[in-house]
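S.K.: Turn these sequences into a full structure, and let the hints guide you.
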Amino acid sequence: MLNPISAAFKKAKAENRPALLTYTVAGDSSKKQSLDILKSISKNADILEVGVPHNTPVADGSQIQTSAYRAIKKGIKIDDIFRIVRDFKKFDKNKPIILMGYYNMIFQYGEKNFLNKCKTSGVNGLIVVDLPWPENKDFAKKCKKKSVYFIQLLSPTTTNKRLKKIIQNSHPMNYFISMLSTTGGKLKVSPREILKNYNRIKKINPKKEIVIGFGITDKTIGKLKSADGLVVGSAICKEITRSLNSRQNPVTNVGKLVRKLKNKIK
Amino acid sequence: MKLKKKIPVIDQGDSLGFWGGKFGGNFVPETLKKPIEDLEVLFNKLKKNKKFIAERDKYFQNWVGAPTRFIKLENLTNYIGGAQIWSKVVSDANGGAHKIYNATVHCLLAKRSGKKIICGDTGAGYAGKMLSMAAKKFGLKCKIFMGAKDIARQQPNVKAMKKNGAEVIPVYSGSQTLVDAVSECMRFWVANCDTTAMCVGSTVGPAVFVRICGWSTSQISRELKVQLIKEFGSIPKKLKLYNCVGGGSSSFGFWNEFMDYDKKQVEFIGVEAGGPAKSKKHAAPLTYGSKIGILHGAAQYVNQNSDGQIEETESISAGLDYPGISPLHCFLRDSKRARYTAASDEEALSAYKLVTKLEDLRPSLEPSHAFFVALKEAKKLSKNTVVVINSCGDAYKDRGILEQRLGKKYVKSN
Chain F
1 MLNPISAAFK
11 KAKAENRPAL
21 LTYTVAGDSS
31 KKQSLDILKS
41 ISKNADILEV
51 GVPHNTPVAD
61 GSQIQTSAYR
71 AIKKGIKIDD
81 IFRIVRDFKK
91 FDKNKPIILM
101 GYYNMIFQYG
111 EKNFLNKCKT
121 SGVNGLIVVD
131 LPWPENKDFA
141 KKCKKKSVYF
151 IQLLSPTTTN
161 KRLKKIIQNS
171 HPMNYFISML
181 STTGGKLKVS
191 PREILKNYNR
201 IKKINPKKEI
211 VIGFGITDKT
221 IGKLKSADGL
231 VVGSAICKEI
241 TRSLNSRQNP
251 VTNVGKLVRK
261 LKNKIK
Chain B
267 MKLKKKIPVI
277 DQGDSLGFWG
287 GKFGGNFVPE
297 TLKKPIEDLE
307 VLFNKLKKNK
317 KFIAERDKYF
327 QNWVGAPTRF
337 IKLENLTNYI
347 GGAQIWSKVV
357 SDANGGAHKI
367 YNATVHCLLA
377 KRSGKKIICG
387 DTGAGYAGKM
397 LSMAAKKFGL
407 KCKIFMGAKD
417 IARQQPNVKA
427 MKKNGAEVIP
437 VYSGSQTLVD
447 AVSECMRFWV
457 ANCDTTAMCV
467 GSTVGPAVFV
477 RICGWSTSQI
487 SRELKVQLIK
497 EFGSIPKKLK
507 LYNCVGGGSS
517 SFGFWNEFMD
527 YDKKQVEFIG
537 VEAGGPAKSK
547 KHAAPLTYGS
557 KIGILHGAAQ
567 YVNQNSDGQI
577 EETESISAGL
587 DYPGISPLHC
597 FLRDSKRARY
607 TAASDEEALS
617 AYKLVTKLED
627 LRPSLEPSHA
637 FFVALKEAKK
647 LSKNTVVVIN
657 SCGDAYKDRG
667 ILEQRLGKKY
677 VKSN
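Residue numbers (the numbering used here), protein chains in the order written: chain F, 1 to 266; chain B, 267 to 680.
Don't read these hints as lab results, they were simulated from the structure. Where is the CB? At the ideal position from N, CA and C, for every residue including glycine. Incorrect hints may have been included.
Pairs of lysine to aspartate or glutamate, EDC-like flavour, derived with a Cα cap of 20 Å [unchecked claim]:
1. F:K112 - B:D573
2. F:K74 - B:D573
3. B:K496 - B:E340
4. F:K266 - F:D228
5. B:K544 - B:E577
6. B:K288 - F:D228
7. B:K496 - B:E523
8. F:K161 - B:E306
9. B:K381 - B:E321
10. F:K117 - B:D573
11. F:K137 - B:E523
What follows is a set of in silico ranges between Cβ atoms, one per label pair, in the way DEER data are often shown [said to hold, decoys possible]:
12. F:G75 - B:K288: 52 to 60 Å
13. B:K428 - F:K260: 39 to 47 Å
14. F:K164 - B:D277: 48 to 56 Å
15. B:D526 - F:K207: 50 to 58 Å
16. B:G555 - F:K90: 35 to 43 Å
17. B:L269 - F:D138: 21 to 29 Å
18. F:G75 - B:K425: 23 to 31 Å
19. F:K260 - B:D277: 49 to 57 Å
20. F:D138 - B:D526: 30 to 38 Å
21. B:D277 - F:E15: 29 to 37 Å
M.R.: Okay, structure coming up:
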């Protein structure tokens, strides 16, 4: 069976548009609410990235940090996150889910246990922010055995030589970080420049799906339409914070935002 | 796990930067891979370059002020009535602590790499103060990340940083202490690594930062070795080197030149921060059996919960208030070369009181932890045992806390 992640890219391509990937933090602002948010956006998002909140995140900007701290404060545990994924899959079993987090959480849970749980709860891919190549070689192999995509990150600082090696060893999907920034930074390079880098990577192996993330909002997403997929994370976390602060319902507001994002790339 | 002889410990890591196969490494976002590799290439080249070493030594001697004093604490020795008690007064160094060595070397490296800005983290404020001094000396723009809680409790150092022209950026996330300052500094570097050099303030962080810091602070033991031979004719038969351990930069530097001696001759004792006597929180991962985890790019023993969330620490000394510990110390502990224990806030304060009462020496709260354990153990040791405590910081920065905890008479006006 085709991994639902690959199926999602196929579907988006058939509709002549990039896949829309969303990122929300598990347990933000409660376990139930984060599940409800996933349900409310699943109609318009192609792939759901679910953040595993960590309290010393070295690559996240303030919006995702705020979401993560909120979730941790409410007591979210890794097992709760697997439960959220499992419950979501009962609602929409074909929608791909990617967990994104930091390696210490996986290390403490045990790589094998973690991957078993991924399998049984329905996780389709993993992004581990601080486990770069070649340090991730062994773990990526273990993921493959469980049919979980290990998604490699690529950055504007990644040298050509390194890009080739990473892509050669990569699973079908990779993630290109648009600029030198933590998550949620203001887009400080032009979409044209980002796409130039993207195309350079794409050329190495056109069969690999490359998504672009970091700094993408409803203002910028339309200009990057030619990519295989686009990730919006901090803008969504920010919307959750805004909704909570103004005593509005984050579930409906985030649902609306994701619909808007989808309309911009149609 | 075994130490190799005749190879500097900083160079005993494997190709991925792990000491003993499991401590250290480079758990970093992809964006930092290239700048870290560039720094590694530069450092590996320069540390063998005679001209660079001569330049370093010139600044250490003329600007940092080498050597710092090695003195006998006669009154304490008489009072305790056991081993001879000596101190290496590293707080003599320009700026008042050992952090100047690492800061100087990082600025020299930044200059060589053509970077115009340098960013750094700080807990007690020493790493930040020294980086601001070195940055000013070498014409670099300086940004210092510091937890909001530490800014409040270490004002003298904050003022010094600002006076040196550094921008001090308060960090409000998490526990608002050193751990958050290091995270925020790394995030800043992720976003600005094309223009900015980063200085990690201790022997922590991705492997190359551990190595650079250890290489820099080793100046302390290079000096001590010469001073011991001058004083005793040779390295004493029974030598015990006591040092406080937070991240572990001063202790590593205090011990490095003596690594190859048998531990029966030269013993290393690291003293972690046990926190308030009545609190369960501490900053002593080695003493209290914390598990291996990943913090700030390196695998190390670290205070954490079962899910891998890093736990908050508590200590009277901002400089030791860190949930992890250098991979080098994890390696020295597991290879049994060094021994680690902890002193509580109250014990450190009592040692500070005793030392300042009897001697013309004013160790900051960090080395006061080491003084407590050293004085306790010295009682039971023979007269021919030489105990040396690294007084790696001056208490000037702590006067607010000291006044509050001990009263005005323990705080000198300067």
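S.K.: When the structure is checked against the list of hints, which entries are broken? Sort them ascending.
M.R.: When the structure is compared with the hints, numbers 6, 11, 12, 14, 18 and 21 turn out to be violated.
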